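A.B. asks: Chain order of the listed sequences is A and B.
So that you can map any letter, position 258 of the first sequence is 258 in this note's numbering, and since no number is skipped, the others follow by simple counting.
To convert, take the position in the second sequence, counting from 1, and add 1000; that gives this note's numbering.
Be aware that a few hints might be false.
Pairs of lysine-lysine, DSSO-like flavour, derived with a Cα cap of 27 Å [what the hints assert, rightly or not]:
#, chain 1, residue 1, chain 2, residue 2
1, A, Lys-286, B, Lys-1192
2, A, Lys-286, A, Lys-207
3, B, Lys-1192, A, Lys-207
Looking from chain B toward chain A, a few residues come up when the C-beta cut is under 7 Å (computed) [unchecked claim]:
#, residue
4, Arg-1059
5, Arg-1121
6, Phe-1145
7, Met-1149
8, Leu-1154
9, Met-1165
Covered stretches of chain A (chain B as the covering partner; in silico rule of three or more C-beta atoms under 8 Å from a C-beta of chain B) [as the list claims (entries may be wrong)]:
#, stretch
10, 261-272
11, 275-289
12, 365-376
The set of hints was computed from the structure by calculation and includes no laboratory data.
All of these numbers come straight from a predicted model, not from anything done at the bench.
Each residue gets a CB set at the ideal place from its N, CA and C atoms; glycine is no exception.
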Amino acid sequence: MRAATELWWRLRRAGAADNRVPGILAVVSFAVATAALVVCVAGLHAFEARNPLPPGGLEGHLSDEAALGNLYVTLAWIATTCMVIPILTLGGVAARLAIARRDQRLAALRLAGATSGQVTLMTLAEAAAQAVVGALTGVVLYLAVLPLVARLSFQGRPFELRELVLPLWQTLAVVAAVVVVAVVSGASSLARVAISPLGVAARTSPKRLSVLRLLVALAAGAAWVLVITPMKEPQRMTIVLVLGAMILAVNTVGPWVVMVAGRVAARLAPTAATLLAARRIADDPKSTWRAVGALGLAVVVVGFTSLAQVDDPTTPLERYLADDLGTGALVTLVIITIVGATSTGVVQAARVLDQREQYRALALAGTSERSLHRARALEVALPLSMTIVLSAGFVLVLMLPFTSALDSGLVVRFVVTSAVAGAVVLASVLASRSLVRTASRVA
Amino acid sequence: MSYYDPARTPSGAPERPAFPASPTLAPPVSPTVGLTGAQAPSRPAGAPSPDPARDLVARDLVMTYGRSGASAGPPALGGVDLTIRAGESLAVMGPSGSGKTTLLHVLAGILRPTGGQVLWRGRDIARMSDRERTVLRREDFGFVFQQGMLLPELPAIENVALPLMLGGVRRSEATARAATLFHPLGLSGLEKRRPGELSGGQAQRVAIARALVARPGVVFADEPTGALDQSTSAEVMHHLTQLAAHTGASLVVVTHDENVARWCHGVVRVRDGRIAGADADDHVAAGPVQAATAVAR
Ligand SMILES: Nc1ncnc2c1ncn2[C@@H]1O[C@H](COP(=O)(O)OP(=O)(O)O)[C@@H](O)[C@H]1O
Ligand SMILES: [Mg+2]
């Protein structure tokens, strides 16, 4: 064990230049995920503190004001549910990154006689260390953006810093949760990457995702119609649970749809860049979906809340509600966009690092750097534009019956907002341009 | 449409030298790899005179890595003269660190030499802009690396079609042209496989197809069999030399392996950045034919 630890340390040092970038990417991902998570929890916290349940609880009779406050808390829970999955996904991306580029070092360790248990332990320890550093950085990041968050105004008054600061134990709980996610998803991807002394298996034809995914989603849709819609006054937890289940269902069918779309695109792709992009999408529909799925959901939420302001508000509280719904949805979209952009940027950067040699070979054979950039941009842009157009279109079609009430200014704002969110995620690809340049540098 | 249709010239591309009339597996008869300059032995008698319009000619190549200054080490290339005739194959041999890869990269327009000229079809590659050299590598040269360097996400056929598509050829035509190479390379039926599902030798033959699909004037191969065993090496070299000969491409192969060098018309030996010797000799002329029949099942 001692020798193995020493070798591990030496390889760490030796590979420093090589492994620094993935390490930094992993830490950045953990940091953004943690900051987003703490902001969510803090917001939830603030709404609950502002709107304490009256002594009678939910069962008792609520005054109008209390009922409205209760609605705020429910909505905050819904927003948090929407955000938690992309945030956990980003944590998973970071963990895989902390593991993925260790292949050669793992193989070297195994050849040097380390047992696979020892190797697993060291790798997970390293992933956990990166998660701790990233999560603590994330807490600092959260403290830095607090003043910004505090400028948001809900229920007619801006947040106070005091409302938004989480108790220390809750902050530490979030940090611990991030580290646990890192270790669990790290362990599961390690289990898939069999650590044989000769390294990992080569890339093969991807397995098709099962059509079962489609059935699951249909079943969830049916459940929504049959269970929730008939309920007169569903409990908050029921709504949150069912909504969570719906999001999971959409996340189940999403990769399948992406895979089918990718395969069709690969068959039809007219240019080299499109072909490469489509093959990559079809090969790894899950990670493609991870990059775009949450954004689609956020666009739907923003669409409904910003366009559905039809009935005239009567009380001042109701007027706030209309505005606050829009603000809340926008905040959700902003957080999901930042998290999504980080995921996309990090996944793209990791891919370039993994395929450095192929990039160089392509460049030697006369592929211009522009073609390489274009393939990568398309790989993100194709599913992204598809998701955003479908989500925005979905909202607009559902709102069509209310066209008379639709304010064209609001529609334009919604469309522009969605496009901007997409553009931000797409722009994250630019972050790894310099990696492509380095990898494809010929001389 | 056949890949071996000598009448066809790709639209827009400069006219390629015509393919050999008869599609036999025999190598060109006379080895005409020539050396000029001080260290060069006299060219074998009977060699055709050089044709600057079709040859790749290096004159007094010097290559020093790093910034020019006192700290710069000895040059990686110290004055190399070399002529590679159209349609010929040349093995570049020499100890590790002697400058083989550097020479290959300078000849292929990957590195710009510190001094000297590389003339390709009468133009000096060393004076071209990066952009021009990129286009040149895409259109006139082909590359085979030690490991296939195939893109793992593309099936074999698409890996082969890729250079054509990058050059603006339509997908359907690129795929059709790529497909014609699979049979001659013994790869029939493997079109849809991913690189991860091919053996080392198969992957290397796919890489050969990719290098030759755009019908380059010269194919550069840096230790193309470095990761393969003896018999697989022979098989790969058989395909590389024969296909290059068929398409009329010249071939420059860097290798450590005398057995591999035997497949080429000529051999130059590099030592400390200089040409230390060359043979364009008897065993080379006879070797490939016999070995080829031995391998070609
Ligand atoms: N990118 C580089 N920077 C600095 N020196 C280099 C570089 N590439 C090669 N060299 C040096 O140039 C010499 C020739 O290298 P190379 O052409 O790779 O030899 P070979 O391929 O015959 O093994 C060696 O001394 C090597 O250290
Ligand atoms: Mg070399």
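A.B. asks: Taking the hints in turn, state whether each one holds.
C.D. replies: Evaluated hints:
1. Lys-286(A) x Lys-1192(B): 22 Å, holds
2. Lys-286(A) x Lys-207(A): 12 Å, holds
3. Lys-1192(B) x Lys-207(A): Answer holds: Lys-1192(B) to Lys-207(A) is near 14 Å, not above 27 Å.
4. Arg-1059: 20 Å, violated
5. Arg-1121: With a closest approach of 16 Å, the Arg-1121(B) hint is violated.
6. Phe-1145: Interface hint status for Phe-1145(B): holds (6 Å vs cutoff 7 Å).
7. Met-1149: Status holds, d = 4 Å.
8. Leu-1154: 6 Å, holds
9. Met-1165: For Met-1165(B), the interface hint holds, since the closest Cβ of chain A sits about 4 Å away, which is under 7 Å.
10. 261-272: holds (count 4)
11. 275-289: holds (count 5)
12. 365-376: Since 5 is at least three, the answer is holds.
The structure does not agree with the numbered hints 4 and 5 stated previously, though it agrees with the rest.
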